[in-house]
Amino acid sequence: MKRIARSTLQTAVNLVFFAVIGTAILASTYFMTHDAIVKSEQAEKMKLITQIVPPTMFDNDIIHDTISIPADPLLNNDDTTLAYRARLKGEPSAVVLEAIAPDGYSGKIFLILAVHANGELAGVRVVTHKETPGLGDYIDIQKSPWIKNFDGKSRALYKDDDWKVKKDGGKFDYMAGATITPRAVVKAAHKALMYFDANRDKLFAENAAKTEETK
Amino acid sequence: MNLQQYKDIFLNGLWKQNAGIVQLLGLCPLLAVSSTVVNGVSLGLATTLVMTLSSGSIAPIRSYVPNEIRIPVFILIIAVLVTVVQYLMNAYMYGLFVVLGIFIPLIVTNCIVLARVEAFASKNDALSSALDGFAMGLGLTAVLGVLGAMRELIGKGTLFSGIDLALGDSAKDLVLHVIPNYHGFLIAILPPGAFIGLGCIIAWKNWLSLRAAKKRKDVIAPAPIDGGCSPATH
Chain D
1 MKRIARSTLQ TAVNLVFFAV IGTAILASTY FMTHDAIVKS EQAEKMKLIT
51 QIVPPTMFDN DIIHDTISIP ADPLLNNDDT TLAYRARLKG EPSAVVLEAI
101 APDGYSGKIF LILAVHANGE LAGVRVVTHK ETPGLGDYID IQKSPWIKNF
151 DGKSRALYKD DDWKVKKDGG KFDYMAGATI TPRAVVKAAH KALMYFDANR
201 DKLFAENAAK TEETK
Chain H
1 MNLQQYKDIF LNGLWKQNAG IVQLLGLCPL LAVSSTVVNG VSLGLATTLV
51 MTLSSGSIAP IRSYVPNEIR IPVFILIIAV LVTVVQYLMN AYMYGLFVVL
101 GIFIPLIVTN CIVLARVEAF ASKNDALSSA LDGFAMGLGL TAVLGVLGAM
151 RELIGKGTLF SGIDLALGDS AKDLVLHVIP NYHGFLIAIL PPGAFIGLGC
201 IIAWKNWLSL RAAKKRKDVI APAPIDGGCS PATH
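Keeping their order, the protein sequence lines are chains D and H.
Using the working numbering, read the first sequence as starting at 1 and increasing by one per residue.
Using the working numbering, read the second sequence as starting at 1 and increasing by one per residue.
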């Protein structure tokens with residue numbers, strides 16, 4: 001009996017020993033790569049943002065000039081997201097919002113939108129989607145320029161009824177064979193603009209702590 | 001260990017016991033990620049790295065691991081190594097990390113890694129275990145690459161698309177548009193294309209092996225002198 005207890009204990013100690021070594025290796029790798037990971041994530045985000053907000057439109061540290069916005073049915077977010085504010089010489093020029101189109105053909109389509117201070121869309125990009133390759137994936141800028149249709153569009157330019165694909169009587173082009181996907185994106189862009197109009201002042205509100213940082 | 005044994009290890013990993021087309025282990029990434037050459041080869045190389053490190057590091061400590069808990073310890077070590085590779089890719093190859101996404105952590109569950117540790121590294125010395133892991137990984141990478149090339153060529157008409165994710169923006173020109181203005185053949189990109197492609201590769205490998213076996217038989221039982229080269233081969 002004693003022998004069994006002893007060998008069990010030894011086995012347990014052995015396992016704990018390997019677990020401790022493993023944890024130590026993991027922890028040190030984490031700390032070694034942490035900065036690089038944050039940096040590459042920010043660089044990637046910056047790349048995406050500058051695609052829809054040209055660098056000439058802002059001179060602030062856009063990555064850090066953020067405001068967290070609670071989940072909103074107009075954006076279809078499940079969680080709090082960050083809005084990035086573009087400012088030129090201190091004046092708000094655009095805001096970058098994240099939104100979700102919940103009714104894509106195969107699940108949610110994650111969008112990032114930039115809205116000019118005057119309520120005009122600066123650009124829309126699809127961040128991730130699961131639409132059918134070769135059919136619905138033309139919403140991706142790498143597959144087709146379709147998503148550029150949104151550039152410069154606003155609720156002042158198109159009435160609320162026009163924010164539909166042409167098949168549904170709206171003003172947006174679509175490609176034959178896949179209407180569900182663009183329908184979802186158009187709807188989400190429209191709702192995001194409504195959100196912008198309703199929350200414009202809040203979105204651009206100066207953030208006391210942040211302004212100190214930028215100067 | 002002599003040179004011949006090392007050679008055998010390599011031959012086994014790359015061809016005779018190839019993980020992808022003979023042992024049929026590690027099919028999850030094989031089928032999911034092999035939609036392009038770049039994706040297939042990158043995940044293959046990540047797996048190779050993990051296999052080399054795990055086999056090489058488990059072999060020297062194999063006598064300290066009690067038999068009853070060897071599987072949890074092996075999995076622990078493999079999981080640590082995979083996570084380290086994941087951190088490194090996240091830090092230094094971000095674009096590729098985003099593309100391969102969930103499949104990197106899944107290397108842990110790829111049975112070929114544990115299979116080689118259990119079947120080979122727990123019985124052999126460190127150097128030959130590391131070599132075995134390396135060779136097995138390379139064999140898998142080769143299959144992933146070939147399958148990726150087939151699917152990409154048939155499905156999209158290109159080769160090496162997305163290589164800029166692995167090598168930086170300057171590599172964008174390396175993408176080959178083999179068939180210009182190709183409209184794409186969807187099924188090759190979707191999962192069925194992976195099954196069909198893999199089936200073709202396995203058939204090809206079996207055909208080669210059968211032919212080789214037949215030839216060997218011919219040598220053992222000497223053929224008539226005039227027809228020695230068997231002109232009727234296909």
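No lab work stands behind these hints, which were simulated from the structure alone.
Hints should not be assumed to be uniformly reliable.
[Claimed, not checked] Calculated lysine-lysine pairs in the DSS-like style (CA-CA distance at most 30 Å, straight line):
hint	chain 1	residue 1	chain 2	residue 2
1	D	45	H	172
2	D	39	H	214
3	H	172	D	130
4	D	171	D	191
5	H	215	D	47
6	D	143	H	123
7	H	172	D	148
Hinted pair, alpha-carbon criterion (30 Å max): residue 45 of chain D, residue 172 of chain H. Please report holds or violated. holds (20 Å)
Agreement of residue 39 of chain D and residue 214 of chain H with the hint, judged by alpha carbon distance not exceeding 30 Å: violated (59 Å)
Taking 30 Å as the top limit, are the C-alpha atoms of residue 172 of chain H and residue 148 of chain D close enough? Holds - the C-alpha atoms of residue 148 of chain D and residue 172 of chain H are around 22 Å apart, at most 30 Å.
Below or equal to 30 Å on CA atoms is what counts here, so check residue 215 of chain H against residue 47 of chain D. With a Cα-Cα distance of about 59 Å, the restraint between residue 215 of chain H and residue 47 of chain D is violated, given a limit of 30 Å.
Check whether the Cα positions of residue 172 of chain H and residue 130 of chain D lie no farther apart than 30 Å. holds (24 Å)
Hint consistency between residue 171 of chain D and residue 191 of chain D [alpha-carbon to alpha-carbon, up to 30 Å]: The given pair, whose Cα atoms are some 16 Å apart, holds under the 30 Å limit.
For a C-alpha distance cap of 30 Å, please report whether residue 143 of chain D and residue 123 of chain H respect it. violated (50 Å)
Violated hints, in rising order: 2, 5, 6; the structure is consistent with all others.
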